[in-house]
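Protein chains in written order, with our numbering: chain A, 14 to 400; chain B, 115 to 493; chain C, 456 to 574.
Mixed in with the good hints, there may be bad ones.
Here are the in silico distance ranges between beta carbons for each label pair [claimed, not checked]:
{"#": "1", "chain 1": "A", "residue 1": "78", "chain 2": "B", "residue 2": "167", "range": "49 to 55 Å"}
{"#": "2", "chain 1": "A", "residue 1": "387", "chain 2": "B", "residue 2": "466", "range": "28 to 34 Å"}
{"#": "3", "chain 1": "A", "residue 1": "187", "chain 2": "B", "residue 2": "411", "range": "48 to 54 Å"}
{"#": "4", "chain 1": "A", "residue 1": "234", "chain 2": "B", "residue 2": "172", "range": "21 to 27 Å"}
{"#": "5", "chain 1": "A", "residue 1": "373", "chain 2": "C", "residue 2": "488", "range": "46 to 52 Å"}
{"#": "6", "chain 1": "A", "residue 1": "370", "chain 2": "C", "residue 2": "561", "range": "34 to 40 Å"}
{"#": "7", "chain 1": "A", "residue 1": "370", "chain 2": "C", "residue 2": "550", "range": "17 to 23 Å"}
{"#": "8", "chain 1": "B", "residue 1": "431", "chain 2": "C", "residue 2": "469", "range": "55 to 61 Å"}
{"#": "9", "chain 1": "A", "residue 1": "187", "chain 2": "C", "residue 2": "468", "range": "58 to 64 Å"}
{"#": "10", "chain 1": "A", "residue 1": "373", "chain 2": "B", "residue 2": "371", "range": "42 to 48 Å"}
Beyond 12 Å from chain A on every Cβ pair, some chain B residues (computed) [stated by the list, open to error]:
{"#": "11", "residue": "149"}
{"#": "12", "residue": "152"}
{"#": "13", "residue": "172"}
{"#": "14", "residue": "192"}
{"#": "15", "residue": "209"}
{"#": "16", "residue": "332"}
{"#": "17", "residue": "369"}
{"#": "18", "residue": "431"}
{"#": "19", "residue": "482"}
The set of hints was computed from the structure by calculation and includes no laboratory data. Yeah, the Cβ is synthetic: ideal placement off N, Cα and C, and Gly gets one too.
The chain contents come next:
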Amino acid sequence: MTAPNIIIKEDSMALAVEPREATFAERAAQLRLIDTDVHNDLPGLNELRPFLAKQWHPWLDNGGPGQAARYYANMGSGRMDDAIREEDGLAAGDPDWVVQQLMTKYRIDIGILTGSIIGLSIQHDYRFQAAIASAYNEWTLEKWVRPFTCYKGSIACAVQDPEASAREIRRLGDDPGMVQVLLASAARIPYGNKFYWPIYAAAVEHGLPVAVHVGSEGTGIANAPTGVGFPSTYLEFHTDHSQTMMAHCVSLITEGTFEEFPTLKFAFIEGGTCWAPYVMGRLDRLYPALKAETPYLKRRPSEYILDNCYFSTQPIEEPDNHAHLLQMLAIMKAEKTVLFASDYPHWDFDNPLMAFNFFPADLKRRIFVENALEMYGPRLLATHGRA
Amino acid sequence: MGATITREQAAERDGSAAGLRAIDVDVHPQITDWGTVAPYAPEGLRHRMTRRGGPPMARHGFKMVGPRFGSAPAPPDSAGKAGHPASDPAWVKGQYLDRRGVDVAILTGDLTSLGVQPNADVAAAIAQAVNDWVLDRWVRPFDCFKGSILVAPQDAAQAVAEIDRLGDDPGMVQVLLGSATESPLGRRQYHPIYEACARHDLPLALHIGGEGAGMAPPSTAVGHPTTYFEWYGSLPQVYMAHIMSMITEGVFEKFPTLKVVLHEGGVFWLPHIMWRFDKNWKAQRSETPWVKEPPSAYILRHFYSTTYPLEASPAPAHLGQVLEMIEADRTLLFSSNYPNWELGDPFAMIDDVPEGLRPRVLVENALAVYGERLLRPHS
Amino acid sequence: MARYVVAQEGDIPPGGRKIVRVAGREVGIFNLEGTLYALKNVCAHQGARVCLGRVVGTTLPSEVYEFKYGLEGRILRCPWHEWEYDITTGESVFDPNVRVITYPVDVVDGEVAVTIPER
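Working from the sequences, and respecting the hints, build out all of it.
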């Protein structure tokens, strides 16, 4: 593949966009769009050196630490090729660049950063990874969140060590720039398991939602990417991703996690939406007969989904018949449960200015703004940096 | 495509199809005494079947808690010990099929974890013995029972030999694989099995149940569940993985007549994976250039779903909508999962299926999938 | 229909492209081995500026497990969702009915012009 010889007229680059408001609107009514999945790039682990205790510096030497890496490869670059900045070769390496390429262009008021290293939770050395998580959170706050009110941070943690994760959540839980705890979907044990409850206890203590984001399946200490082993191709691997979401969702419900933590809000990010009706419908079907095994469950399973769970749009399912998508969204009460996510700058980015054109205006408003405000609460509007 | 027949054509042939009331594609005969199976095993491995409790079988620990069988007919009580409601074919015919108006029942056995047993030779021997046992005790004496050729995919050569041995038996109507496997079913070590299915014009049935046992990976992509509830709730996910694998690996390009029936998985997840798969394929098609159509086209053409257990819908209208999305007028088959009716009566399960679809689901779709074999007298 | 001069012939060497704004829209002019093609800079999917995508080849529809790489330099891959378009026709590889809008291009006296229908 040779670099294309692109000649672009200077004046042709201007896009028809509204001029960005100078300051953030404080009132929800003025918000236009909240993006729950913006991947700011970490140029390399070495960036974290200033935030990492000296004892860990040898890990960064000699070309960096050993990190288990994914082996299923996208047929393209996996990124939005048109958003890459010449200076650093990254599409989201610079907060101002992302303001320009994403926030302004698509009229997004708030972007929730989901970063680029959630896979730390399936790496082998949980001690080192816990240190990396803390350093990464500090880096995110300093470089992205504190200087820019439009960005909100997610607390990354080494999920394979729940105690360390809980400590990290308590350390940062009251920071006005942090709005959630972030877990990778790849895991050894489903997320409803009691093993993880210290994480949720800490999150609930600080009123933080927990989000699980797809990624790193089949890598490191994670299980195979499906319940029947390893797929052969990226096409399968990527399509299989939503199964990890379903498995976590079923686990969270059947383990009674939402009985133990009734105020816990859980977001499923980048798994699409339309699988939720299956989880609701199958578990509701099983519940009358199988609740003998799970007497701690006090409600029909679908009620936990409707009250405690949120699902991000991206990658939004695209049936030929638009009515079908709206029907599935109605089953899962998308007006309460669905959040917008772009996944910028990854290849499967959804364009908010086009992908939802056939949605009724009130549903779109719920998905674009109000559901996220309800899930994240007032933190989302806290002012902690410049607009 | 093999011979498929309509209710009318079937009626012309033998006069019996016109009045068909229901075809049940999922009835589980229970082996209660392996001593009765052992004589059917190949001689060299017969001794492995006669040990107490049957042949060595890896099992997972997921088991329902609470009363079983729901509204399934209560088994006869002999000497204070209740029998199993699916151990005696005559009794099942009389108490279930005849009373509930089921004309044909396809037997799917109770060995869903066969495909993840480590010893491939013992697994193949078990398949062979059980197949002959089913034929001898259930199928040959009763026209209403049709058999499935159970195979162990660990050694595709032996699976193919078994399909060839029984593929033309008038009592056998499909090949049966447990959906618990070491690898997704599109991977090419399994293709000889599909070639044999196609050669004998036999649909392939997949049945959940062995997930997480033996050599199987944890039954979800994120590890082992804790409870039966969680395990069973998650099982459709393995169907999703198999569907994606079989399409991506070109199984239906190689074997365009192959039909796959998915048992006990429900249907509400199908729209999600059809749409998600299509979207990804449009982007990534160059990775597998033999996948020439949108994946949803293969799904709708080659996969069939069954009714036990259909998802509980918050409103009946929702079920109708989902059934339209998956073209249930062709792709949905009635199944009872007899005698495991804990989740509800199988006929009540289809109460909310739109009236117009009911005859398709109960009779016609199964006739279209299985063809004339289903009505051929064989006893 | 109106004809717009958008470039000098030398502006777009073989293998090159130029994106221009003309008649209220963006158009990408591609030079494939001396022949020019004009595509509207809007992907049929979610509206990405498709002409900023990479020009590549692709695997052609084939038998199972057969890989035939071809159309090198003729496939425009959308920078977002990687939909592949044949630059010469605007048709996507996965479905010829899904296409990027194309415009006639001609060169007269060294001037490249595209012909665009009136709005």
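We went through each hint and held it up to the structure:
1. The beta-carbon spacing between residue 78 of chain A and residue 167 of chain B, approximately 50 Å, falls within the hinted interval of 49 to 55 Å.
2. Here the CB-CB span from residue 387 of chain A to residue 466 of chain B is close to 32 Å, well matched to the stated 28 to 34 Å.
3. Range check, residue 187 of chain A to residue 411 of chain B: Cβ separation about 52 Å, and the 48 to 54 Å hint holds.
4. Taking 21 to 27 Å as the suggested C-beta distance range, the pair residue 234 of chain A and residue 172 of chain B conforms, at roughly 24 Å.
5. Separation of residue 373 of chain A from residue 488 of chain C is about 49 Å and conforms to the stated range, judged on CB atoms against 46 to 52 Å.
6. For residue 370 of chain A and residue 561 of chain C, the Cβ-Cβ distance of about 35 Å falls inside the hinted range of 34 to 40 Å, so the restraint holds.
7. Look at residue 370 of chain A against residue 550 of chain C: about 21 Å separates their beta carbons, and that is inside 17 to 23 Å.
8. The given range of 55 to 61 Å is respected by residue 431 of chain B and residue 469 of chain C, whose C-beta atoms sit roughly 59 Å from each other.
9. Roughly 59 Å separates the CB atoms of residue 187 of chain A and residue 468 of chain C, a value that falls within the hinted 58 to 64 Å.
10. Between residue 373 of chain A and residue 371 of chain B the CB atoms are about 43 Å apart, so this pair conforms to the stated range of 42 to 48 Å.
11. Even its closest Cβ contact with chain A, about 32 Å, leaves residue 149 of chain B beyond 12 Å, as expected for a residue assigned away from the interface.
12. Every Cβ of chain A is farther than 12 Å from the Cβ of residue 152 of chain B; the closest lies at roughly 31 Å, confirming the non-interface assignment.
13. No beta-carbon of chain A comes within 12 Å of the beta-carbon of residue 172 of chain B; the shortest separation is about 16 Å.
14. Chain A leaves residue 192 of chain B outside its interface by the beta-carbon criterion, the shortest separation being 27 Å against a cut-off of 12 Å.
15. The beta carbon of residue 209 of chain B is kept farther than 12 Å from every beta carbon of chain A, the shortest such distance being approximately 21 Å.
16. At roughly 5 Å from the closest C-beta of chain A, the C-beta of residue 332 of chain B falls inside 12 Å, breaking its exclusion from the interface.
17. No beta-carbon of chain A is positioned within 12 Å of the beta-carbon of residue 369 of chain B; the least distance is around 17 Å.
18. Its closest Cβ contact with chain A, about 9 Å, brings residue 431 of chain B to no more than 12 Å, contrary to its assignment away from the interface.
19. Remark: the non-interface label on residue 482 of chain B is consistent with the geometry, its nearest Cβ contact in chain A lying 24 Å away (cut-off 12 Å).
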